[in-house]
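Colleague: As you go down the protein sequences, you meet chains A and B in turn. Residue numbering for the first sequence is 1 to 355, as defined by full-length UniProt numbering. Residue numbering for the second sequence is 1 to 355, as defined by full-length UniProt numbering.
Simulated from the structure, these hints should not be mistaken for lab results. Since we're looking at a predicted model, the values are computed, not measured. Keep in mind that a hint or two might mislead.
Simulated pairs of lysine-lysine, DSSO-like, Cα-Cα distance not exceeding 30 Å [stated by the list, open to error]:
#: 1; chain 1: A; residue 1: 103; chain 2: B; residue 2: 183
#: 2; chain 1: A; residue 1: 183; chain 2: B; residue 2: 103
#: 3; chain 1: B; residue 1: 103; chain 2: A; residue 2: 315
#: 4; chain 1: A; residue 1: 17; chain 2: B; residue 2: 42
#: 5; chain 1: A; residue 1: 27; chain 2: B; residue 2: 42
#: 6; chain 1: B; residue 1: 214; chain 2: B; residue 2: 279
#: 7; chain 1: B; residue 1: 96; chain 2: A; residue 2: 214
#: 8; chain 1: B; residue 1: 262; chain 2: A; residue 2: 183
#: 9; chain 1: A; residue 1: 103; chain 2: B; residue 2: 177
#: 10; chain 1: A; residue 1: 262; chain 2: B; residue 2: 183
#: 11; chain 1: A; residue 1: 42; chain 2: B; residue 2: 214
#: 12; chain 1: A; residue 1: 290; chain 2: A; residue 2: 315
#: 13; chain 1: A; residue 1: 96; chain 2: B; residue 2: 183
#: 14; chain 1: A; residue 1: 17; chain 2: A; residue 2: 85
#: 15; chain 1: B; residue 1: 27; chain 2: B; residue 2: 12
#: 16; chain 1: A; residue 1: 177; chain 2: B; residue 2: 103
#: 17; chain 1: B; residue 1: 27; chain 2: B; residue 2: 50
#: 18; chain 1: A; residue 1: 48; chain 2: A; residue 2: 12
#: 19; chain 1: A; residue 1: 96; chain 2: B; residue 2: 214
#: 20; chain 1: B; residue 1: 96; chain 2: B; residue 2: 48
#: 21; chain 1: A; residue 1: 103; chain 2: A; residue 2: 279
#: 22; chain 1: A; residue 1: 214; chain 2: B; residue 2: 103
#: 23; chain 1: A; residue 1: 103; chain 2: B; residue 2: 27
#: 24; chain 1: B; residue 1: 214; chain 2: A; residue 2: 103
#: 25; chain 1: B; residue 1: 27; chain 2: A; residue 2: 42
#: 26; chain 1: A; residue 1: 183; chain 2: B; residue 2: 96
#: 27; chain 1: B; residue 1: 42; chain 2: A; residue 2: 214
#: 28; chain 1: B; residue 1: 323; chain 2: B; residue 2: 262
#: 29; chain 1: B; residue 1: 27; chain 2: B; residue 2: 333
The calculated label-pair distances, taken between Cβ atoms and stated as ranges, are [unchecked claim]:
#: 30; chain 1: A; residue 1: 250; chain 2: B; residue 2: 96; range: 35 to 43 Å
#: 31; chain 1: B; residue 1: 27; chain 2: A; residue 2: 24; range: 52 to 60 Å
#: 32; chain 1: B; residue 1: 6; chain 2: A; residue 2: 132; range: 56 to 64 Å
#: 33; chain 1: B; residue 1: 27; chain 2: A; residue 2: 281; range: 46 to 54 Å
#: 34; chain 1: B; residue 1: 250; chain 2: A; residue 2: 228; range: 18 to 26 Å
#: 35; chain 1: A; residue 1: 14; chain 2: B; residue 2: 47; range: 26 to 34 Å
#: 36; chain 1: B; residue 1: 7; chain 2: A; residue 2: 281; range: 53 to 61 Å
#: 37; chain 1: A; residue 1: 85; chain 2: B; residue 2: 27; range: 53 to 61 Å
#: 38; chain 1: A; residue 1: 85; chain 2: B; residue 2: 43; range: 40 to 48 Å
#: 39; chain 1: B; residue 1: 25; chain 2: A; residue 2: 17; range: 49 to 57 Å
#: 40; chain 1: B; residue 1: 250; chain 2: A; residue 2: 266; range: 44 to 52 Å
We put the beta carbon where it would ideally sit given N, CA and C, even for glycine.
Number of protein chains: 2
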Amino acid sequence: MSAIINDIEIIKAKATKINDVDFDNLKFGHVFSDHMLECNYKNGNWEKPKVVPYQPITLDPSAKIFHYGQSVFEGMKAYKDTEGKVWLFRPLDNYKRLNISAKRLAIPELPEDYFMEGLKALLEVDEDWIPQNEGSSLYIRPFIFASGNGFHASPADAYKFIICTAPSGAYFAGEVKVLIEEKYSRSANGGVGYAKAGGNYAGQFYPTQLAVEKGYQQVIWTDDNTHEYIEEAGAMNIFVRINDTLITGPTSDRILDGITRKSIIELAKSEYIPVEVRKITVTEVVEAAKNGSLKEMFGAGTAAVISPISGFGYKEVDYDLPKLDNTYASFLKKCITDIQTNKTDDPFGWRYSVK
Amino acid sequence: MSAIINDIEIIKAKATKINDVDFDNLKFGHVFSDHMLECNYKNGNWEKPKVVPYQPITLDPSAKIFHYGQSVFEGMKAYKDTEGKVWLFRPLDNYKRLNISAKRLAIPELPEDYFMEGLKALLEVDEDWIPQNEGSSLYIRPFIFASGNGFHASPADAYKFIICTAPSGAYFAGEVKVLIEEKYSRSANGGVGYAKAGGNYAGQFYPTQLAVEKGYQQVIWTDDNTHEYIEEAGAMNIFVRINDTLITGPTSDRILDGITRKSIIELAKSEYIPVEVRKITVTEVVEAAKNGSLKEMFGAGTAAVISPISGFGYKEVDYDLPKLDNTYASFLKKCITDIQTNKTDDPFGWRYSVK
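Full structure from sequences and hints, please.
Modeller: Here is the structure:
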């Protein structure tokens, strides 16, 4: 079957897999919808994207993705409200950031309409895959990788842009304890830390495994020079609340400009929560934990939304955070998910109707 | 056709592509031999490798290589001497480094016999692909990547180890001018710079493109904190000769422990060339260029062997290197390639007979 949506060609899957999916018990990014968007870069141009059945990708063994890590991605979510309407959250920011990442990785930038019209066509075709249950959503993974061939260490001459989607539940199950890193680093000054580049993630896995063995779920990365400044948590930006002030580090060429992060800053300000965007030292956080002024820490990101941190480890000492009744984390999470799922007004203009 | 070599199963290609190859005009890593070694990691174990026809790799779109850059590789060469005997150069060092890289990227380490016996079986099957011409060799590319599926940012549960080979000529055509980098960086303290991780290469492409636009072929990376210490050139380690002393930076968690680099250090010492392994400042190199004591700079790596540098740029100023008749670079290159190609004795025990 073939059709056209938003001027995008659609090749439909012969059968659906949706009846095999237990929408009441969704894990994160584990089950994939029936279709995907595919768009190829060849001979100096992005070709028009198509919606095709979700299907394997076949590459030459010399394809540069296998050798030189030339890949970038984004993370987004689609929400279905109680009336069945479908919404995205600040999708143009994801599009822009994908191109910022692409440029740093020497990947050709993508035209806006290929991204936006392609995504909308994909969501229309797989609309039934968007969960309506509380706390679930359709996780959307746009990614670009080097499909061109050759062992020369230089940018590829061919790329694939693909969007896959996965109906998903919570990213973290249970409480999150973090380890503040003293030895390993995520990114360099002048490096690719601000890009959603594949290699940034692989480099975190081993130190994170070491942290998991010690009983933590995530690592909080610090600067590679002094390990004294808190940067981010790899899949999340980090916020701390000292007394009543909410603090997060400034973005830099080492830190991802998180869309949830900047939305929380705006939301908190609009709710008259004192917000500071400034460098945070580990010493300051440890002192605040000791004297009781550290009230909350949480991570913020598309996958995890807002993920409260129950405690942190630093220099072999564990610090527990207080268990408060009314946290900024729960308040801000409700604010942001209510906007995302069309349960409330959207004074910021963040919500985006898919059709 | 199926056979067994070194206890490795061989599935032969139905036809050879070798007659299409112009062995007198080989580029680098552009044409691939008839076979490849393939070895899969599943259910917590590396399965026995097989030699199979060179063939495409098929992966799910959620395979972690596309998203999280979990990949490592090696570069090696096989040489055929005038009697047709086949030689490798310090292959166990490549094997060990592959596992060092793998560990840092949370990739399961590979058994030595799978690597060594697999490689030898592959070279026996594709022996005709090993060039005998002066300056050419069979470039060997062992690599491991995450083939397991899922969008969760965590190590994959399945991997592929593959060795492909490519009859190759010189890596660089013509002279190499380098730019000493003042803004961008290759690696962080506590990062993955010492590993041959895919992501380390992608991050270099954009700054290298900027350097190429200014008329340079390569970037010399400096430390990310002060940009005052010379590190490496991404595909090569860097040596400088000031007066008669050969100097190269120490390896660290930011710098690859190059096999050509350490061989050159040993070779130079055995030839009574004064060698210093110590930090090199950019200031020192610029001063030496100005006062005429900077005699040579060259890169050293498996692909490029020894690649003389004709000049460098720094802070918008170009510095030319003198054109000497008898350079350390040409002398040491002859020493190392004579050992590699069995033209001379091998007092170090570096040469390795394939059969």
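Colleague: For the pair residue 250(A) and residue 96(B), does the Cβ-Cβ distance stay inside 35 to 43 Å?
Modeller: Roughly 41 Å apart at Cβ, these two residues keep to the hinted range, so it holds.
Colleague: Check the hint pairing residue 17(A) with residue 85(A) against an upper bound of 30 Å on the C-alpha distance.
Modeller: The hint holds at about 22 Å.
Colleague: Between the alpha carbons of residue 27(A) and residue 42(B), is the straight-line distance 30 Å or under?
Modeller: 22 Å, holds
Colleague: Compare the distance between the alpha carbons of residue 183(A) and residue 96(B) with 30 Å, and conclude whether the hinted pair is satisfied.
Modeller: Holds, because 23 Å separates the two Cα atoms, which is no more than 30 Å.
Colleague: Has the hinted range 53 to 61 Å been met by the Cβ atoms of residue 85(A) and residue 27(B)?
Modeller: 55 Å, holds
Colleague: Next pair to validate is residue 96(B) with residue 48(B); report whether the Cα-Cα distance is within 30 Å.
Modeller: 19 Å, holds
Colleague: Under the criterion that the straight-line Cα-Cα distance not exceed 30 Å, is the pair residue 290(A), residue 315(A) satisfied?
Modeller: 14 Å, holds
Colleague: Residue 96(A) and residue 183(B): Cα distance at most 30 Å?
Modeller: 23 Å, holds
Colleague: Please verify whether residue 214(B) and residue 103(A) have alpha carbons no more than 30 Å apart.
Modeller: Roughly 18 Å between the alpha carbons, so the hint for residue 214(B) and residue 103(A) holds.
Colleague: Sort out whether residue 214(B) lies within 30 Å of residue 42(A), counting only the CA atoms.
Modeller: With a Cα-Cα distance of about 26 Å, the restraint between residue 42(A) and residue 214(B) holds, given a limit of 30 Å.
Colleague: Please work out if residue 17(A) and residue 42(B) have their alpha carbons no farther apart than 30 Å.
Modeller: Judged against 30 Å, a Cα distance of about 25 Å means the pair holds.
Colleague: Looking only at beta-carbon atoms, does the pair residue 25(B), residue 17(A) fall within the given range of 49 to 57 Å?
Modeller: About 50 Å separates the Cβ atoms of residue 25(B) and residue 17(A), which means 49 to 57 Å holds.
When held up to the earlier numbered hints, the structure conflicts with none and fits them all.
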